[in-house]
Amino acid sequence: MDYVSIIGIAIGLAMDAFAVSVTNGALTKNLKVSHGVKIAFFFGAFQLGMPVIGWLIGKAGEGIIQNVDHWVAFVLLLFIGGKMIIDYIKERRENNKESQRDPITTKTIILLAVATSIDALATGIILPSAVGANTFTTMMIAVTMIGVITFVISLAGVYLGKAFGNIISKQATLIGGIVLIAIGTKILADHLFFS
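Oh and the sequence shown: position 101 is 109 in this note's numbering, straight run, nothing missing.
Hints were generated in silico from the structure; no laboratory data involved.
Nothing here was measured: the structure is a model prediction, and the numbers come from that model.
Some hints here could point you the wrong way.
Derived DEER-like restraints, expressed as beta-carbon distance ranges [stated by the list, open to error]:
| # | residue 1 | residue 2 | range |
| --- | --- | --- | --- |
| 1 | Val12 | Ala53 | 21 to 27 Å |
| 2 | Lys40 | Thr146 | 34 to 40 Å |
| 3 | Phe202 | Ile19 | 15 to 21 Å |
| 4 | Val80 | Arg100 | 26 to 32 Å |
| 5 | Phe144 | Thr193 | 33 to 39 Å |
| 6 | Ile97 | Val156 | 34 to 40 Å |
| 7 | Ile97 | Tyr11 | 44 to 50 Å |
| 8 | Ala53 | Asp10 | 21 to 27 Å |
| 9 | Ala138 | Lys115 | 30 to 36 Å |
Note that beta-carbon positions come from the ideal geometry of N, C-alpha and C, so glycine has one too.
Kindly generate the complete structure, drawing on both the sequences and the hints.
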């Protein structure tokens with residue numbers, strides 16, 4: 009099994025989760041350790057689980073997920089990002105004060121984890137040939153590495169976002185929405201124009 013390639017794939021897959029984690033850290037008021045761990049856990053867990061699902065689907069028939077993965081990720085990120093921008097505009101119109109609520113609910117975190125792990129689902133189809141994970145055991149080692157690396161990178165992203173969030177807190181919701189839409193657009197463009 010090619011561990012260097014697994015680490016490279018894991019870091020590549022974790023970049024969307026990292027960007028979203030930075031946004032989550034910036035948006036979360038009074039960030040607690042448990043909240044940062046929760047965000048990182050969901051992103052890591054979905055990055056671990058989706059390649060397994062992709063691997064199983066790949067055994068059943070390649071191409072099913074690859075035809076729609078970019079659209080699913082784009083729509084989810086567009087919806088969540090658009091909602092954040094609308095919430096920002098409404099909040100500024102209503103009272104021109106910063107909201108004290110936490111805009112990042114568990115439901116939102118799960119939707120973001122799904123959206124940022126769609127590529128991991130597709131990666132699961134090719135992972136056995138890409139890194140030599142040809143048995144169930146080697147596949148589980150590979151996806152565990154992907155999940156752990158994503159967890160660590162996402163946790164770092166949350167706290168990096170928190171550090172910058174204090175600087176840009178008044179605009180964090182707007183910036184976060186724009187970032188999510190940009191990530192969704194990038195995923196869609198990569199699949200439509202560069203693959």
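We went through each hint and held it up to the structure:
In this structure the hint that valine 12 and alanine 53 lie 21 to 27 Å apart at CB holds, the actual value being about 24 Å. One distance hint, 34 to 40 Å for the beta-carbon pair lysine 40 and threonine 146, holds here, with the actual separation near 37 Å. Separation of phenylalanine 202 from isoleucine 19 is about 19 Å and conforms to the stated range, judged on CB atoms against 15 to 21 Å. In this structure the hint that valine 80 and arginine 100 lie 26 to 32 Å apart at CB holds, the actual value being about 31 Å.
Taking 33 to 39 Å as the suggested C-beta distance range, the pair phenylalanine 144 and threonine 193 conforms, at roughly 36 Å. Distance hint for isoleucine 97 and valine 156: a CB-CB separation of about 38 Å, consistent with the stated range 34 to 40 Å. The hint said 44 to 50 Å for the Cβ distance between isoleucine 97 and tyrosine 11, and at roughly 47 Å that hint holds. Range check, alanine 53 to aspartate 10: about 24 Å between beta-carbon atoms, so the 21 to 27 Å window is met.
For the pair alanine 138 and lysine 115, the supplied restraint of 30 to 36 Å holds, since their beta-carbon distance comes to about 33 Å.
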